[in-house]
Each structure stands twice: as C-alpha cells, then as structure tokens.
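As they're listed, the protein sequences go chains A and B. Numbering (our numbering) for the first sequence: 1 to 109. Numbering (our numbering) for the second sequence: 1 to 117.
Since the hints were made in silico from the structure, they are not lab data. The reader is advised that the hints may include incorrect statements.
Claimed, not checked - Restricting the straight-line Cα-Cα distance to at most 25 Å, the calculated cross-link-like pairs of lysine to aspartate or glutamate (DMTMM-like) are:
#1 A:Lys96 with B:Glu52
#2 A:Lys96 with A:Glu14
#3 A:Lys57 with A:Glu14
#4 A:Lys68 with B:Asp27
#5 A:Lys96 with B:Glu22
Stated by the list, open to error - Only some residues are given here: those of chain B computed to face chain A with a beta carbon under 7 Å:
#6 Ser43
#7 Ile93
#8 Pro105
#9 Gly109
All values reported here derive from a predicted model rather than from experimental measurement. Ideal Cβ placement from N, Cα and C applies to all residues, glycine included.
Given next are the chains, with one letter for each unit.
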Amino acid sequence: GQNIDQPTEMTATEGAIVQINCTYQTSGFNGLFWYQQHAGEAPTFLSYNVLDGLEEKGRFSSFLSRSKGYSYLLLKELQMKDSASYLCAVRDSDYKLSFGAGTTVTVRA
Amino acid sequence: GAVVSQHPSWVICKSGTSVKIECRSLDFQATTMFWYRQFPKQSLMLMATSNEGSKATYEQGVEKDKFLINHASLTLSTLTVTSAHPEDSSFYICSARLTPADSSPLHFGNGTRLTVT
Chain A
1 GQNIDQPTEM TATEGAIVQI NCTYQTSGFN GLFWYQQHAG EAPTFLSYNV LDGLEEKGRF
61 SSFLSRSKGY SYLLLKELQM KDSASYLCAV RDSDYKLSFG AGTTVTVRA
Chain B
1 GAVVSQHPSW VICKSGTSVK IECRSLDFQA TTMFWYRQFP KQSLMLMATS NEGSKATYEQ
61 GVEKDKFLIN HASLTLSTLT VTSAHPEDSS FYICSARLTP ADSSPLHFGN GTRLTVT
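One chain only, chain B, in its complex shape (with noise of 0.2 Å):
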C-alpha cells in the first residue's frame, strides 16, 4: 500500500490565485520530504528539499517565495503554489524515505496535477 500520501490528486485553479498541495507519510516519520515537477514527456525535476522544523532548501532557478514549503510535523509537508499562473500547471510530486538512512530509496506520494487557467 502507499507509504506516501498526497493531497490532493487534481486541482483547477484561476491565475492568480494560491494553491496548497500536502504530503504525509503513513506510519512514519520524514525529517526530510523531497517536491518534485514534471512537465508533459519530461523529467521529474527537484524543486526543493522539506526538512522538518527548519526552512526548505530550494533548487536553483525555483522561487522559495512563489513556491512556499512548510514541514511544521515529522508526517506533513506541504507545497503552496501562490499567486499561479498558466506556466505552473504541472504535475506536482512529493516523496520521502521510509527510514531516516540517507541510502533508502525514495518513496513517492501520488502527484497532484495543477491546471491553472
């Protein structure tokens, strides 16, 4: 069963608007939560990395201020879209490790589709 669970599986939303997407993990404990992006036939690229109870480590070229990341429980992050526009819809993935060991694999939540019109 799922190990990582995302919320929620599709969103529309109007530009300009904001939009939360949460991720937890099920029966354990993530100190660190991974966001992805993946555009249509492309790669999941890394957008930032979630540590619990501390600021998220964002990849270069992705706004911290537009893509607002929270890890306030050791079971809950999440990915707040703010003020979204067209070029923003994606598909959203969040994923984490079952185990704090670095050389787990990762587990990923189900994506969240944004469709922003």
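Bound conformation, chain A alone (with noise of 0.2 Å):
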C-alpha cells in the first residue's frame, strides 16, 4: 500500500515562492503526480515525475527523488488563483494512484 503525507495548510503572500513538500512509502513505485484542486470541483494535473530530478512547467516545479521517496512541488510568483489544494498522488506497480490528504495554500495580497 502508499502512505503519503504532505502538509495540512500552508500561507503564503502574493508574488512570494511556496514550496509543498510530499513524503511517501510505497509497496512499488511508479511515478508520482501533482495535482490542483479547487474547493468543490475536480482536481487538475498539473507536473509528473518518475525520475529523480527537477521538471519544470512554467511557474510550477516539481522534484523527485525516488531514495529519499520524497517529492515538493514550487509555486512561483504566486496568484491569488492559486489559492487551492494541492494534491500529491503515488502510482504504484499496478497502475493505481494513491492521493496525500492534500495541501490547503492560502494566497494573501
């Protein structure tokens, strides 16, 4: 099974960087997945990693390293829109992709 734990809740000012921290213990490692979701709707893909190292997808990173079975996800030059959960998902061996309870980021102007 995955056990993925990410922060509850995280403030950040408007055009400041955020960074989402993502640790996990899985049973076969298959690719990791950020994903943002708004209260009340459906989450959204954002980066996915399966190699160790940094992608890059405008002002959104997200990093991996597959030893330490930890990932972060950076949000640059925040926007009041960003304001949102942050989900982190694990796929395993099998396909399946298992969520972190997500991370709550608050932006304030």
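Taking the hints as your guide, dock the two standalone chains into a single complex.
Quick look at the structure:
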C-alpha cells in the first residue's frame, strides 16, 4: 500500500514562492503526480515525475528523489488564483494512483 | 477543455433510493476508468477500476453490490449508488487516461456531489 504525507495548510503572500513537500512510502513506485483542486471541483493535473530531478512547467516545478521517498511542488510568483488544495499522488506498480490528503494553500494579498 | 465529462454535477436523493452517475470520455476511448470518492477535507479514495466489457475491480472495503459499475462502451462508465444512505453523501469523481498507455496521467471529470437526505 501507500503512505503519503503532506502538510495540511500553508499560507503565502502574492508574488512569493511556496514549496509543498510530500513524502511517501510505497510497495512499488511507478511515478508521482501533483494535482491542483479548487474547492468543490475535480483535480487538475499539474506535473508528473518518474525519474529523479526537477521538472519545470512555467510557474510550477516539481522535484523527485526516489531514494528518499520525497517530492516537492514549487509554486513561484504566487497569484490569488493559486489558492487551492494541492494533492500529491503516487502510482504503484499496478498503475493505481493513491492520493495524499492535500495541502491547502492560501495566497494573501 | 474537459476531456472527461461527468453527469450530473450534483444530486439530492432520499434515503433508500438509487442514483446513477455517468462518466464519459470525450473524443477518446477509455478502456479503463476509475471511480474515486472524496469526503470533505479528505483525500480522494479509489473505489473501483472500471474495465470496458468486463467486471469492475473494487478496492477493499467497497461494497460491489452497493456501488454498481457498468462500462458497456469505450466512452461510458456508470456508477449506481443503490439504496443510498446519508453516509453515502460525498463527492464522487471519475477519471480516465487520454491514451491506453499506463504511463499517462489521469484526467478527472468535474465530479458529482451526492447528498442523501
């Protein structure tokens, strides 16, 4: 099974940078995903890491260290619309996706 | 635009009745779809894997006779909550991969908020 941990809440100021950490323990690792979810809506795919290192996509970057069971999502130049829940999800060797509880990010003016 | 369409967006039903939720893949064929459930402030929990033309695979603790899944075509999977009770009130979300490749990410429908009174 999967055990995925991420902070419950984070607050940051508009224009700042926030890093959301995710640690996981898995019986078989086959990729790590980050999703954004606004209240009452379905998750939206942000990024995917399967190899160690940093993946950059505009203002969002995601990092993975498989040996440490660790990932982070970096949000730069924060905007008010970035206020949402960010979900770390791990895929196992059977291609099943398990989600962390999510980190609620609040961006303040 | 949305690649997975889910209907209805919200539904209120009385205890003891059944509710059907539809999940459609738009402009692509999805041999496999996934059904998740999310309670307030909690994570998405996988309920079952819906396989086109065969029986669904349910996760441990999910009652297959209560949550009926049908995947009769390559673009449609349905979840029927039978004899709904207030504790079944939740946010139900379906998902699918754009390509058959297992490595591709999941895309989610907009979800269905079910309230059982």
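Structure-based check of each hint:
no. : hint                 : verdict
1   : A:Lys96 with B:Glu52 : 17 Å, holds
2   : A:Lys96 with A:Glu14 : 35 Å, violated
3   : A:Lys57 with A:Glu14 : 19 Å, holds
4   : A:Lys68 with B:Asp27 : 39 Å, violated
5   : A:Lys96 with B:Glu22 : 21 Å, holds
6   : Ser43                : 4 Å, holds
7   : Ile93                : 5 Å, holds
8   : Pro105               : 5 Å, holds
9   : Gly109               : 6 Å, holds
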